[in-house]
Amino acid sequence: MTENDARPNMTDPVGEALRGLALGVAREVAVAPSIQLRARGARDRRRMRIRVPALALTAVAAVVAAALVIVLTLSGGGHRPSVTPLNPPSAPPLASQLSTVGGTTFVSYNLNQVITRSPSMRVHSSTVSYPVLGANEDAIAFGAGNTWVLESTTPSGGPAKPLGGPDRSDCGALVRIDSSTMAATGTLSLKRCPLALAFGDGSVWVLGMQIGTPGYRLTRVDPANMTVQASAVIDGGARGGTPQGDTGAKNLFVATDDATATAVVQTAAGASQVITLDAKTLTTVGSVTIPQARGQATALAARGGVAWLGTDAGWLYRIDSRTGRVAGARQLGAWVHSLSASRRAIWMTIALPSGKPASAYPGLDTLELNPTTGAVEHDTGLPLLLAATDPSSDVWGIFSTPRHGNYIARIDSGTRTVAGITSSPSKGSAFTPDTIGVNDGAAWIINTNLQSLTKVVLVR
Amino acid sequence: MGDAEAYSDFYERSYSAIVGQVFVVTTDRGEAEEAVQEAFARLWSRWSRVSRYENPEAWVRRVALNVAMKRWRRARRGDQLVQDAHADTGLVSEAATTGDRLDLIAALRRLPASHRQALLLHYVVGLSVQEVAHEMSTRLAPVRPGTVKSWLHRGRAELGNALSSQEIEDD
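Which chain is which? The protein sequence lines are A and B, in order.
Under the numbering used here, the first residue of the first sequence carries the number 1, and numbering increases by one thereafter.
Under the numbering used here, the first residue of the second sequence carries the number 461, and numbering increases by one thereafter.
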């Protein structure tokens, strides 16, 4: 045996390290059903069968066309024939990772591939700067021709100046923004720190709290003259003992639907409590406390007599708005990042336990749920961080990756694929947008780190 | 066993292992998975022939490596996707998150693709130098055993340095 025929030394540390690396990767690879690859192989073969004669025909046609051009040019007339390019070969499918949670298997596409392969879209974006609050998805609302946001009027040290008037003793303000011009057309200062808002039943609804003051206050505001129509202190237990800074702001929500308002607050023990109120009288219709083992509230949406609540343990709750009682619950993923309701569907973004931060597979997925039952109608595989929709089913979302930065994407709600993508004004994971809302063909993005509100409109 | 069943059985048995092997060359799991999926898709239309080969897995690996190399060359001509993927340690697989693995991958990335491929075929797949040369040769560019030995020597030295520096740090 010559030296060239020798097999590798199996005790060589370099060889051992390489084999360990290959084995480690192999262990974590999910095997997708082979039927997809067989279908793809068969499709490629059919394409080849069509393409080879098509190329030959194209070549013959090109020769004939060239000859024709020469003849016509020499004879002094005619025009250049137009050449239709062959369709480019379709791109290979996106690499994906499978994760199973609670008996359901989710697909999550390679984030970098989704971003680099998505078509870019032409948008017009405008940004205004002030200390806008964006604790969660419910930090923006639309109604009465305006966009509604909250701002902090306490000194933040940031560069942006608040719009909320001279009374700096108040904790925050509700701000009315003209949806067309983005100009602030009104503010209402609020003593209890406003943390969540919604628009429904012709009014703006603001949920607020104050450290050291028991209970939460739900305030109903007239959108035309910015005055308080009604308010009620709702349960949640005494928050007086809450340490400074630990407000649980990101876990507070309000949503409205038909004749009810749903507020999510925290009990004294720190559990999420869902309180359903009659919109006219502000009396409590029903109240449920989410078991702490099922996590804290991280998202809320309401439509069609149902309030949908997501938690940081991946649970999705269906709450009957007429009774305020739990109508169903199931685990979808490891964390619910956002919930948004259109007339046709509930859009939900989740985190999966297999995800690794700052990687091609951050473990994010976007689901389209049945608006009545909550069943997963489509697992899009899109690794969106946040998704938002409006009653017309216009769906937008945010992709965030340390390598590529932040992107705003418009989702084709028919094909559940990315219709267009544009880079967000904010770069870097530290500046990932906090809130996205959709209204009348525009996406609105709140970035609390940048103290900015951005409106993105598709240029058609 | 029908063709579809035999194909599925082979796919399920070998897919993960081949992805792991191709990863040694791409150093990116997404790229490795794409290349191997493409190879398996091509395999289906040739299954009746390739399934009779002594080692169909070698055929899939070779096609996957060709696909990966083609994509890598395209990337060098300006396709941002793969360039970004290679530059981004975030794309390193879960198996590569420990310090020594990251060092190993960083060292692999410093090597030319041909060196990585030779290291894979010799140390992971277990081919002899002669077989590696045969496997990597094309009609237009034959590879001699002496060249493979040189690639293995340089590759081994680079990876050896990365591993030994890790041992020193660990101490």
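Please note: incorrect hints may appear among the correct ones.
[What the hints assert, rightly or not] Here are some chain A residues pointing at chain B (derived, C-beta under 10 angstroms):
#1 D12
#2 E28
#3 G41
#4 R217
#5 S231
#6 I234
[Unchecked claim] Computed list of chain A residues with no C-beta within reach of chain B, every gap over 10 angstroms:
#7 N4
#8 A6
#9 P13
#10 V107
#11 Q113
#12 A184
#13 T227
#14 V233
#15 G270
#16 R294
#17 A329
#18 D394
#19 T422
[To be verified] Here chain A is said to cover these stretches of chain B; the calculated rule only asks that three of the stretch's residues, wherever they fall, bring their Cβ under 8 angstroms from a Cβ of chain A:
#20 465–478
#21 499–506
#22 514–523
#23 571–583
Just so you know, the hints here were simulated from the structure itself, not pulled from any lab data.
Where is the CB? At the ideal position from N, CA and C, for every residue including glycine.
**Study point:** Non-interface claim for A/A184 versus chain B (Cβ beyond 10 angstroms)
**Key:** holds (39 angstroms)
Point to revise | Status of the A/E28 interface restraint (C-beta, 10 angstroms, chain B) | key: holds (5 angstroms)
**Study point:** Closest CB of chain B to the CB of A/T422 still more than 10 angstroms away
**Key:** holds (16 angstroms)
Point to revise | Consistency of the no-contact label for A/Q113, given chain B and a CB cut of 10 angstroms | key: violated (6 angstroms)
Check your understanding: Would you say A/A6 is clear of chain B, with no C-beta pair closer than or equal to 10 angstroms?
Key -> Label violated. Min Cβ-Cβ 6 angstroms, cutoff 10 angstroms.
Check your understanding: Taking the closest Cβ pair, is A/G41 under 10 angstroms from chain B?
Key -> A/G41 check passes; min Cβ-Cβ to chain B is 3 angstroms, inside 10 angstroms.
Check your understanding: A/V233 clear of chain B by more than 10 angstroms, beta carbon to beta carbon?
Key -> For A/V233, whose nearest Cβ neighbour in chain B is about 47 angstroms away, the distance exceeds 10 angstroms, so it holds.
Check your understanding: Does the no-contact call for A/P13 survive, Cβ to all of chain B over 10 angstroms?
Key -> violated (6 angstroms)
Check your understanding: Taking the closest pair, is the beta carbon of A/G270 still more than 10 angstroms from chain B?
Key -> At roughly 32 angstroms from the nearest Cβ of chain B, A/G270 sits farther out than 10 angstroms, so the non-interface label holds.
**Study point:** Cut-off 10 angstroms, beta-carbon criterion: hint that A/S231 touches chain B
**Key:** Where the cut-off is 10 angstroms and the nearest Cβ of chain B is about 47 angstroms from A/S231, the hint is violated.
Exercise for review: Would you check chain A against the stretch 571–583 of chain B, counting CB to CB pairs closer than 8 angstroms, and say if three or more residues qualify?
Suggested key: holds (count 4)
Exercise for review: Classify the hint on A/D12 as holds or violated, based on whether any CB of chain B lies nearer than 10 angstroms to its CB.
Suggested key: The hint holds - A/D12 has a Cβ within 10 angstroms of chain B, the shortest such distance being about 7 angstroms.
Hints 4, 5, 6, 7, 8, 9, 11, 22 from the list above are not met by this structure, while the remaining hints are.
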